[in-house]
Amino acid sequence: MTFDVQKFRKDFPNLSLKVYGKPLVYLDNAATTFKPQCVIDAVSDHYAQGTSNVHRGVHYLSERATIAFEHSRQIVQQFLNAKTTQEIIFTRGATESINLVAQSFGRPSFKAGDEIVISHMEHHSNIVPWQMLCQQTGCILKIAPINEKGELILDEFIRLLTSRTRLVSMVYVSNSLGTVNPINLIIKEAHERGIPVLVDGAQAVAHQAVDVQALDCDFFVFSGHKIFGPTGIGVLYGKQKLLESMPPYQGGGDMIASVSFVKTAYNVLPYKFEAGTPAIAEAIGLGAALNYVQKVGLEFIIDYKKELLAHGTKILSSIPGVRLIGTAPEKAAILSFVLEGIHPHDLGTIVDQEGVAIRTGHHCTQPVMDFFKVPATARASLSFYNTKEELNILAKSIYRAKEIFHA
Amino acid sequence: MRDELYQQTILEHNRNPRNFRKIEGATHAAEGYNPLCGDHLWVYMKVDSCGVIEDASFEGSGCAISKASASMMTTSLKGKGVQEAQILFEEFHKLVIGELKPDEKPNHLEKLTVFSGIWQYPARVKCASLSWHAMHGALEKAKTVSTE
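First to last, the sequence lines map onto chains C and H. In this text, residue positions in the first sequence follow my numbering: the first is 1, and each later residue adds one. In this text, residue positions in the second sequence follow my numbering: the first is 1, and each later residue adds one.
Don't read these hints as lab results, they were simulated from the structure. Among these hints, one or two may not hold up.
In silico DSS-like pairs for lysine-lysine, Cα to Cα no more than 27 Å straight-line [unchecked claim]: (1) C:K373 x C:K388; (2) C:K10 x C:K396; (3) H:K22 x C:K373; (4) C:K402 x H:K111; (5) H:K94 x H:K80; (6) H:K22 x H:K46.
Residues of chain C placed beyond 12 Å of chain H at every Cβ, according to the derived structure [claimed, not checked]: (7) R9; (8) D11; (9) N14; (10) E70; (11) N81; (12) R107; (13) G138; (14) L154; (15) L185; (16) A214; (17) P248; (18) D254; (19) I256; (20) L316; (21) R323.
If you anchor each label on the Cβ, the simulated ranges turn out as follows [claimed, not checked]: (22) C:L141 x H:K141: 30 to 40 Å; (23) H:E110 x C:G21: 28 to 38 Å; (24) H:G81 x C:E389: 49 to 59 Å; (25) C:D41 x H:K141: 55 to 65 Å; (26) C:E389 x H:L11: 57 to 67 Å; (27) H:E24 x C:K373: 21 to 31 Å; (28) C:P13 x H:T113: 36 to 46 Å; (29) C:E307 x H:K141: 54 to 64 Å; (30) C:R323 x H:T113: 29 to 39 Å; (31) H:F20 x C:G297: 54 to 64 Å; (32) H:E84 x C:K111: 55 to 65 Å; (33) H:F20 x C:D4: 51 to 61 Å; (34) C:K111 x H:R21: 49 to 59 Å.
All values derive from a computational prediction rather than experimental measurement. Every residue, glycine too, gets a C-beta built ideally from N, C-alpha and C.
One chain only, chain C, in its complex shape (with noise of 0.2 Å):
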């Protein structure tokens, strides 16, 4: 059967915009990813005709908005395949979710001298709350190392492991080389020495399917608007365990079971870990997105989002100056790429003219670049709304940027 990305274009507004007269042609899916009409409907409809606080009022509009909102806990504890919803904490998204587990998890109980293991392809937000933490506890920071195609050199990182090592956290696929890390491997290593693993899923969760408990990792983290939720909301799964063990993040208002000026006691799990009002909109778009990619089917997206790797590997290998960078061969549909005579910031600029949107910079993972010794790359990231003739788009405007500049 193949895979009708037409039919499914039609649920994504922003797919039909234009831009300097010309055809939007998103390629910037790794950033964000377009939200379909169902996703805009959920949040418009709890704003339009259910706005209320959740786990508040007995009257009948709050009562529907926590129903809505616990409702979507359960979507995301069976998009994981969590045991319970206890173990589905809502956050801003990913980067509040590894904040959280250094805060609560790691600072309470670190060391000086105790150490985290990462890997040379974290993205920032897996590395600065860990340096952090490193600073308030003394904790050290321990980086596994890379090779040329972008891969985790797996010995070197075992190596790593040791009687210290408190938490390993290493993402699942690389943002800017698109690498799948062997992260069963890695769990069942650091297992093997009784360390916790925490896994960035940030990028994985649009791009396979995700079973917590067949992966046994301890915590793993998301944000809703990689997978075309909204932005603002995100996801933090933890063993309820561990979850139970952490003393509360914030602060505030239903995090608590009561309150007084000698006493709080805390809520029960996920809500000691939810102070404040949450992101109730989105958390009910975020339902709505996931529901969304169960109806499209998840193996039919992973399956044409290779064909479209495939063809976009092979169109921009084929143009002369063109050196992608991250080349493993579990990939994700991340291109990331220079050209030869060209700084990506220009050819952004340039392809940009031609309606084609892709992201230049260091994206986040300043150590990756400094690796592959480039200030900067340019990156095609593909959705599964993004057709090959959109890829051919890009190949054109990157013979555009040549002829201006004669490279």
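With chain C fixed as given, assemble chain H onto it according to the hints.
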């Protein structure tokens, strides 16, 4: 439609940047860095005892806009007084944010008006102004200037 950003003068200065070297014994120097796009350059000047810029140069790497801008800046600075350089800095700054329309208001920009359309590309304004901020910082004795 926006003005064409990559005009021939800019492309030409990108291909053959002028004064692309270090000045040994520079009296003023500063580093300019835009961490967002990775543009990274150093600006050098030799100012004589009367306050005249005898020589100006730059080194580093960056996009065509930042390189061409640095190249044209160093060219126009040579022989100017420090005061004039500061005036030029102010005018160039206003030019790239679209506040100064060279056709409407007298100015000293001359060839630098080739950057007059860049305000229509907000993401690229910092590329054009990086070397100028570094030059300004050097005269103010700052060592590093970041446009972030």
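Verification of the hints:
1. The suggested pairing of K373 of chain C with K388 of chain C is violated, with an alpha-carbon distance near 30 Å, which exceeds 27 Å.
2. A threshold of 27 Å between alpha carbons decides the hint, and for K10 of chain C with K396 of chain C the separation of about 25 Å falls inside it, so the pair holds.
3. Using a Cα cut-off of 27 Å, the hinted pair K22 of chain H and K373 of chain C holds, with the two alpha carbons roughly 22 Å apart.
4. Pair hint K402 of chain C plus K111 of chain H holds up; C-alpha atoms about 25 Å apart against a cutoff of 27 Å.
5. As the CA atoms of K94 of chain H and K80 of chain H are separated by approximately 20 Å, the hinted pair is consistent with the 27 Å bound.
6. Distance hint between K22 of chain H and K46 of chain H is fulfilled; the C-alpha atoms sit about 11 Å from each other, no more than 27 Å.
7. Separation of R9 of chain C from chain H is adequate, the least Cβ-Cβ distance of about 27 Å exceeding the 12 Å criterion.
8. A cut-off of 12 Å between C-beta atoms confirms that D11 of chain C is not in contact with chain H; the least separation is 29 Å.
9. For N14 of chain C, the requirement that its beta carbon stay farther than 12 Å from each beta carbon of chain H is met, with the minimum near 20 Å.
10. Here E70 of chain C stays apart from chain H, with its beta-carbon at least about 40 Å from theirs, past the 12 Å limit.
11. Residue placement check: N81 of chain C keeps its beta carbon more than 12 Å from all beta carbons of chain H (closest about 38 Å).
12. No Cβ of chain H comes within 12 Å of the Cβ of R107 of chain C; the nearest lies about 28 Å off, and the non-interface call holds.
13. G138 of chain C, annotated as away from the interface, keeps every beta carbon of chain H farther than 12 Å; the closest lies near 28 Å.
14. Taking the minimum C-beta to C-beta distance to chain H, about 30 Å, the non-interface status of L154 of chain C holds against the 12 Å cut.
15. Under the 12 Å C-beta cut-off, the non-interface status given to L185 of chain C relative to chain H holds; the minimum distance is some 33 Å.
16. The claim that A214 of chain C is not at the interface with chain H holds, since no C-beta of that chain comes within 12 Å of its own (minimum 39 Å).
17. Every beta carbon of chain H lies more than 12 Å from that of P248 of chain C, the smallest distance being close to 33 Å; the non-interface claim holds.
18. The claim that D254 of chain C lies off the interface holds: its Cβ sits roughly 36 Å from the closest Cβ of chain H, which is beyond the 12 Å cut-off.
19. For I256 of chain C, the non-interface assignment is confirmed: its Cβ lies about 39 Å from the closest Cβ of chain H, beyond the 12 Å cut-off.
20. With a cut of 12 Å on Cβ distances, L316 of chain C stays outside the contact zone with chain H, its closest approach being about 20 Å.
21. The claim that R323 of chain C lies off the interface holds: its Cβ sits roughly 16 Å from the closest Cβ of chain H, which is beyond the 12 Å cut-off.
22. Taking the beta carbon of each, L141 of chain C and K141 of chain H are about 36 Å apart, inside 30 to 40 Å as hinted.
23. For E110 of chain H and G21 of chain C, the Cβ-Cβ distance of about 34 Å falls inside the hinted range of 28 to 38 Å, so the restraint holds.
24. As the Cβ distance of G81 of chain H to E389 of chain C is approximately 58 Å, the hint placing it in 49 to 59 Å holds.
25. For the pair D41 of chain C and K141 of chain H, the supplied restraint of 55 to 65 Å holds, since their beta-carbon distance comes to about 58 Å.
26. Evaluation of the 57 to 67 Å hint for E389 of chain C and L11 of chain H yields a failure: the beta carbon distance comes to about 30 Å.
27. Hint check: E24 of chain H to K373 of chain C, Cβ distance near 27 Å, so the stated range 21 to 31 Å holds.
28. Evaluation of the 36 to 46 Å hint for P13 of chain C and T113 of chain H yields a pass: the beta carbon distance comes to about 41 Å.
29. Hint check: E307 of chain C to K141 of chain H, Cβ distance near 58 Å, so the stated range 54 to 64 Å holds.
30. One distance hint, 29 to 39 Å for the beta-carbon pair R323 of chain C and T113 of chain H, holds here, with the actual separation near 36 Å.
31. The hinted window of 54 to 64 Å between F20 of chain H and G297 of chain C holds, with their beta carbons roughly 55 Å apart.
32. As the Cβ distance of E84 of chain H to K111 of chain C is approximately 60 Å, the hint placing it in 55 to 65 Å holds.
33. A hinted range of 51 to 61 Å for the beta carbons of F20 of chain H and D4 of chain C is consistent with their spacing of about 54 Å.
34. Against the hinted window of 49 to 59 Å, the Cβ-Cβ separation of K111 of chain C and R21 of chain H comes to about 52 Å, which satisfies the hint.
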